[in-house]
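Keeping their order, the protein sequence lines are chains A and B. Letter 165 of the first sequence, counting from 1, is numbered 165 in the numbering used here, and no numbers are missing. Letter 108 of the second sequence, counting from 1, is numbered 108 in the numbering used here, and no numbers are missing.
FYI, nobody ran anything at the bench for these hints, they're computed from the structure. For each residue, glycine too, the CB sits at the ideal point set by N, CA and C. Any given hint could turn out to be false.
Unchecked claim - Selected chain A positions facing chain B (in silico; Cβ < 8 Å):
| no. | residue |
| --- | --- |
| 1 | Pro8 |
| 2 | Met46 |
| 3 | Thr49 |
| 4 | Asn113 |
| 5 | Gly190 |
| 6 | Leu238 |
| 7 | Ala249 |
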Amino acid sequence: MLAKLNSPVMYLICGVIVLFVAAVCIVFAVRAYRAGKAIGMDVSKMKRTIVASATFAVIPSVGILLGVIALSGSLGTPWPWLRLSVIGALHYETQVAEAAAEASGAGGLSAANMTPETFTTIALLMSVCIMWGMVLMTVDGKSYIRRLTTPKKPKDGSKKKGPDLSGFGDTAMTAMFIGLVSAYIGSYIGQIVSGEGLFTFRGSALPMAVACVGAAAMGVFLWIRRKYNAEWVDSFSLAGSMLIAMCAAIFLGRI
Amino acid sequence: MKESKSYEQYLNTTHRLGRAATVITLAMLLAAPFVMGAYLGGMPNFGAFLKGFLAIGLVYLISCIVEYFIYVPMLGAGGSYLAFITGNLINMKIPCAINARDMVDAKSGTPENEIISTLSIATSSLVTILVLVLGVVLMIPLQPVLQSPALAPAFENVVPALFGAMAMKYYRGERKIAAITLAAMALLFILVPSLSGAVSFMIIPSGAIAIGLALLRHLRGQKEGKR
Numbered sequence: 001m002l003a004k005l006n007s008p009v010m011y012l013i014c015g016v017i018v019l020f021v022a023a024v025c026i027v028f029a030v031r032a033y034r035a036g037k038a039i040g041m042d043v044s045k046m047k048r049t050i051v052a053s054a055t056f057a058v059i060p061s062v063g064i065l066l067g068v069i070a071l072s073g074s075l076g077t078p079w080p081w082l083r084l085s086v087i088g089a090l091h092y093e094t095q096v097a098e099a100a101a102e103a104s105g106a107g108g109l110s111a112a113n114m115t116p117e118t119f120t121t122i123a124l125l126m127s128v129c130i131m132w133g134m135v136l137m138t139v140d141g142k143s144y145i146r147r148l149t150t151p152k153k154p155k156d157g158s159k160k161k162g163p164d165l166s167g168f169g170d171t172a173m174t175a176m177f178i179g180l181v182s183a184y185i186g187s188y189i190g191q192i193v194s195g196e197g198l199f200t201f202r203g204s205a206l207p208m209a210v211a212c213v214g215a216a217a218m219g220v221f222l223w224i225r226r227k228y229n230a231e232w233v234d235s236f237s238l239a240g241s242m243l244i245a246m247c248a249a250i251f252l253g254r255i
Numbered sequence: 001m002k003e004s005k006s007y008e009q010y011l012n013t014t015h016r017l018g019r020a021a022t023v024i025t026l027a028m029l030l031a032a033p034f035v036m037g038a039y040l041g042g043m044p045n046f047g048a049f050l051k052g053f054l055a056i057g058l059v060y061l062i063s064c065i066v067e068y069f070i071y072v073p074m075l076g077a078g079g080s081y082l083a084f085i086t087g088n089l090i091n092m093k094i095p096c097a098i099n100a101r102d103m104v105d106a107k108s109g110t111p112e113n114e115i116i117s118t119l120s121i122a123t124s125s126l127v128t129i130l131v132l133v134l135g136v137v138l139m140i141p142l143q144p145v146l147q148s149p150a151l152a153p154a155f156e157n158v159v160p161a162l163f164g165a166m167a168m169k170y171y172r173g174e175r176k177i178a179a180i181t182l183a184a185m186a187l188l189f190i191l192v193p194s195l196s197g198a199v200s201f202m203i204i205p206s207g208a209i210a211i212g213l214a215l216l217r218h219l220r221g222q223k224e225g226k227r
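Chain A with its partners taken away, still in its complex shape (with noise of 0.2 Å):
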């Protein structure tokens, strides 16, 4: 299956995708530098802001390329490579392929479980799953900018009902994220104390442990980033801690 997976015709069908994206980022480039010196602005600031924004992006594109290589060992090569070149993100990509996996019935993201069917209905459920943000900005992305450029004038007499959320989403997201990675370590911990049984004790202990070397590699990282306030680990934190839970995977299953 996985030889099928990483196939010149999947690599085909992805490229064609990827170079399209590709376009459509030299074309609004094109445009938009076009558009700042008609309006005027000095020419030295766009071409600093190409310059910083391409070096600046290479860490953090090694990053993704690593995202890429820990999820082609059961999804293939191109899938991987065109989830995380168009629309995709590290943590989301996992965690998507994960969770179809369940639902098809493959029991996990595992190249050994994978067949035609599971592949493709994980594929449809990546795609669907974080395209939400192209479709608002589709359907309402022009009006909600204009409505930020030209805010209403508040009505005479109007006042405020009910809570005051203002500030909360910033908060609210963080607190989802809090949810979503709760219930994957705690079913961790569940599977130890009652996989084999209830209150047993005998379950797997390796997901959890490869969880703790990954929150343990991620707290080294975060130290040495307040420590140096070296910014450039933020690109790589997720995916290097990753790496090595990973690592620590492979010693860790002898055990």
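Once you have looked at the hints, place chain B on chain A.
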């Protein structure tokens, strides 16, 4: 006056192009699994798809809506279309655009910010595409190594590795919310072991607990602030 009209025209065309590019990309992304299915000999299973979507799609639907309302004001029109098409917002596009904006001292909502964001996100996306192409080309000779049985435990534990790292990142800032949510979920999985086969479904109650706790704290903070 002339400059303002030309910028207005630029924005209108950006929206038209952005919408067209987004719709075409979406259509290709949704068609790809079916085209691949025709080649591989297995189409998506809609029952499993629905089950998976209900389990995790709703969480990401909310997440995408929140991202949309938070990031569009930062990125402007061109930058937003590109950022949502190319993804990797939190770990790359947003810091890259903010870095460029700070560097040239562009103010939010100005034409300068619009141009700088678009240039920054387009450039960073192209660099990512290039790095991934190079990486994938170099990865082909590595395939036999990546598929070796010795490395199997590593690839089978991608998800625990990811969530361990994410736990450290998100838990440290919200310790109380994290501790209560994790304790509730661990207890549930210990008492009902069969739930371990449907972890993705459990994200909904787990997310509800965490958001509920955060909301309570937010409202309490506002009440105290008013006093």
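Results of checking the hints against the structure:
With a least beta-carbon distance of about 11 Å to chain B, the hint placing A/Pro8 at the interface is violated under the 8 Å criterion. Against a cut-off of 8 Å between C-beta atoms, the interface hint on A/Met46 holds, since the closest Cβ of chain B lies about 6 Å away. This hint holds: A/Thr49 has a C-beta 5 Å from the nearest C-beta of chain B, less than the 8 Å allowed. Because the smallest distance between the Cβ of A/Asn113 and any Cβ of chain B comes to about 10 Å, over 8 Å, the interface hint for this residue is violated.
For A/Gly190, the suggested interface contact is upheld, since its CB lies about 2 Å from the closest CB of chain B, less than 8 Å. About 6 Å separates the beta-carbon of A/Leu238 from the nearest beta-carbon of chain B, less than 8 Å, and the hint is met. Annotation: A/Ala249 was flagged as interfacial toward chain B, and the flag holds, the nearest CB pair being 4 Å apart, inside 8 Å.
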